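*Asks:* Each chain is listed here by its residues.
2 protein chains.
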Amino acid sequence: MSLSVKSSTLAPVPRWKPGARARLQEAALALYDERGFDHTSVEEIAERAGLTKRTFFRHFSDKREVLFGGGAMAEEPFVAAVREAPLAAGALDAVSYGLTVLAAGFDEEGEQAARRFRIVRASPQLWERQLIKFASLAEAVERALRGRGVGDPAAILAAESGITALRVASDRWVADTKEKPLRQLVAEVLAELRAVASPEASHDRP
Amino acid sequence: MSLSVKSSTLAPVPRWKPGARARLQEAALALYDERGFDHTSVEEIAERAGLTKRTFFRHFSDKREVLFGGGAMAEEPFVAAVREAPLAAGALDAVSYGLTVLAAGFDEEGEQAARRFRIVRASPQLWERQLIKFASLAEAVERALRGRGVGDPAAILAAESGITALRVASDRWVADTKEKPLRQLVAEVLAELRAVASPEASHDRP
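Those protein sequence lines, which keep their order, are chains A and B. Quick note: the first sequence uses this note's numbering, first residue 850, plus one each step. Quick note: the second sequence uses this note's numbering, first residue 850, plus one each step.
Bear in mind the hints are in silico, worked out from the structure with no lab data behind them. Computed from a predicted model, the values in this text were never measured in an experiment. Where a beta carbon is used, it is the ideal one built from N, C-alpha and C, also for glycine. Keep in mind that the hints are not guaranteed to be accurate.
With a Cα cut of at most 30 Å, we get these calculated BS3-like pairs of lysine-lysine [claimed, not checked]:
hint: 1; chain 1: A; residue 1: Lys912; chain 2: B; residue 2: Lys1029
hint: 2; chain 1: A; residue 1: Lys982; chain 2: B; residue 2: Lys912
hint: 3; chain 1: B; residue 1: Lys902; chain 2: B; residue 2: Lys1029
hint: 4; chain 1: B; residue 1: Lys982; chain 2: B; residue 2: Lys912
Here are a few chain B residues that face chain A, going by a calculated C-beta distance under 7 Å [unchecked claim]:
hint: 5; residue: Glu896
hint: 6; residue: Leu975
hint: 7; residue: Gln979
hint: 8; residue: Ala984
hint: 9; residue: Leu986
hint: 10; residue: Glu988
hint: 11; residue: Ala1003
hint: 12; residue: Ile1005
hint: 13; residue: Glu1041
hint: 14; residue: Val1045
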């Protein structure tokens, strides 16, 4: 069943071949890892994937979108979960509920999500874009909290705190050898956030 | 002693005239307010200030720097205060100590600081830059906390929470008719942050 040997004798891969998007994504991440994002061109990504530049642009508007394209997909279930958290949940608990859903999605995607985040973290230009994404995610969560009747400034504080916890947990997820799922790291960081903000912490030595 | 009448009969203002920086700043803020940041040129700023474009560039590298140039000055006393907060202060208290110093500086500067912030808030491009500045401010505070022996992730959580409180308080300061000093707003927002993160809040209805 050695298909790879057979296929090497065939004509170039046709453009309609299914899975093009996934192959482009895989090729792009491999090249960003090897050469860095700045030193990778769309031509090289298409070539590595065995596809044309035109096919690349049918799936992505530019080489950044390979990294950020999935963000919008992740945002909606997250915000929906915040909206639909049990009525009795406080503001930060509702955010925590949403973060669990978001983190579970990343955990399911596994290594590719971690690689994407690692590449973004390594480039100041991409990291700035990520910060803007985090800010707009926080705004979406804030709106969802207001929809639950959370007032001002509790809504923005809970939203921003949750996004901070997500950032810190993602950093750990990517830096550590991924021994813990992101979902668990988010829960741990949120617990530490509560400890840092608790009035008792004020009187402890650091 | 009507110097202004006399001076109108003199040659154009010499370039070494003292106070050039402040006059350029004032002219720039007035124009950004009137026309928007994007629709103001360096030529127009210099003309309004009665100075040359060349003088402008001796004081500022570009028209954004008029708004952000003061940031570095504000960062140092803030971070120093975090570093030098009483040893017994917890992580978030040390940040709160620093924020008081920072806010007092803005309160002293008064209306011009509020106008600057309002202009930045109104432009998506400037606001992105401000978000990046907030992020680097948070990193500086985090380092200061680590220097105090605060561990991981308490240092980053306290730093980010403090910067979030600063953002929220600044928004209120600028939006409201400035009936309260920024310093007081920061203290109020920090108290609300503690309430949002407290375990009891989890069981309250929002």
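*Asks:* Take the hints in turn and mark each one as holding or not.
*Replies:* To see whether the hints hold, each was checked on the structure:
no.: 1; hint: A/Lys912 - B/Lys1029; verdict: 47 Å, violated
no.: 2; hint: A/Lys982 - B/Lys912; verdict: 26 Å, holds
no.: 3; hint: B/Lys902 - B/Lys1029; verdict: 38 Å, violated
no.: 4; hint: B/Lys982 - B/Lys912; verdict: 17 Å, holds
no.: 5; hint: Glu896; verdict: 33 Å, violated
no.: 6; hint: Leu975; verdict: 13 Å, violated
no.: 7; hint: Gln979; verdict: 10 Å, violated
no.: 8; hint: Ala984; verdict: 6 Å, holds
no.: 9; hint: Leu986; verdict: 13 Å, violated
no.: 10; hint: Glu988; verdict: 11 Å, violated
no.: 11; hint: Ala1003; verdict: 5 Å, holds
no.: 12; hint: Ile1005; verdict: 6 Å, holds
no.: 13; hint: Glu1041; verdict: 6 Å, holds
no.: 14; hint: Val1045; verdict: 5 Å, holds
Hint compliance for this structure: hints 1, 3, 5, 6, 7, 9, 10 are broken, all remaining hints hold.
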